[in-house]
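A.B. asks: Following my numbering, the numbering of the sequence shown begins with 3 at its first residue and continues without gaps.
Hints were generated in silico from the structure; no laboratory data involved.
Just so you know, these numbers come straight off a predicted model, no measurement behind them.
Heads up, the beta-carbon is just placed ideally off N, CA and C, and yes, glycines get one too.
Be careful, since some hints might not be right.
Claimed, not checked - In the EDC-like style, the derived pairs of lysine to aspartate or glutamate whose C-alpha atoms are separated by at most 16 Å in a straight line are:
| # | residue 1 | residue 2 |
| --- | --- | --- |
| 1 | Lys19 | Glu5 |
| 2 | Lys54 | Asp4 |
| 3 | Lys54 | Glu41 |
| 4 | Lys23 | Glu41 |
| 5 | Lys19 | Asp53 |
| 6 | Lys23 | Glu36 |
| 7 | Lys23 | Asp53 |
| 8 | Lys23 | Glu50 |
| 9 | Lys23 | Glu46 |
What the hints assert, rightly or not - So the derived label-pair ranges between C-beta atoms look like this:
| # | residue 1 | residue 2 | range |
| --- | --- | --- | --- |
| 10 | Gly28 | Asp60 | 17 to 27 Å |
| 11 | Glu5 | Gln43 | 30 to 40 Å |
| 12 | Arg18 | Leu52 | 28 to 38 Å |
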Amino acid sequence: MDELSLQWTPAHGPMRKFVFKPQSEGEYPWARIEFELCESQWQEVGIEYLDKVSFVSDDSEGSVPSCVQTYLEEGDIDE
Numbered sequence: 003m004d005e006l007s008l009q010w011t012p013a014h015g016p017m018r019k020f021v022f023k024p025q026s027e028g029e030y031p032w033a034r035i036e037f038e039l040c041e042s043q044w045q046e047v048g049i050e051y052l053d054k055v056s057f058v059s060d061d062s063e064g065s066v067p068s069c070v071q072t073y074l075e076e077g078d079i080d081e
């Protein structure tokens with residue numbers, strides 16, 4: 003799986019984004035990297051290493067959220 007991004011504009015402050023990036027080496031299979039838009043350039047402001055990444059969607063009231071978990075298997079990353 004390739005990296006995934008989530009971008010938003012907060013009510014106060016610059017535009018931000020999270021990038022969930024698979025790691026081919028190291029102890030953890032994923033990194034969540036936080037960026038902030040500064041003078042038309044994305045600047046890294048934080049990083050957290052993750053065991054797994056899940057995506058949850060709840061599109062309607064009263065429904066059970068659907069959840070997709072991603073697992074990094076050996077050979078999943080194109081080098």
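A.B. asks: Next step is simple, just say for each hint if it's right about the structure.
C.D. replies: A quick look at each hint next to the structure:
1. Lys19 x Glu5: Holds. Lys19 to Glu5 sits at ~13 Å (cutoff 16 Å).
2. Lys54 x Asp4: holds, 14 Å
3. Lys54 x Glu41: Violated. Lys54 to Glu41 sits at ~33 Å, over the 16 Å cutoff.
4. Lys23 x Glu41: violated, 24 Å
5. Lys19 x Asp53: violated, 20 Å
6. Lys23 x Glu36: It holds: about 11 Å lies between the C-alpha atoms, which stays within 16 Å.
7. Lys23 x Asp53: Answer holds: Lys23 to Asp53 is near 12 Å, not above 16 Å.
8. Lys23 x Glu50: holds, 11 Å
9. Lys23 x Glu46: holds, 13 Å
10. Gly28 x Asp60: 17 to 27 Å: violated, 32 Å
11. Glu5 x Gln43: 30 to 40 Å: violated, 19 Å
12. Arg18 x Leu52: 28 to 38 Å: violated, 18 Å
In this structure, the earlier hints numbered 3, 4, 5, 10, 11, 12 are contradicted, and the remaining ones agree with it.
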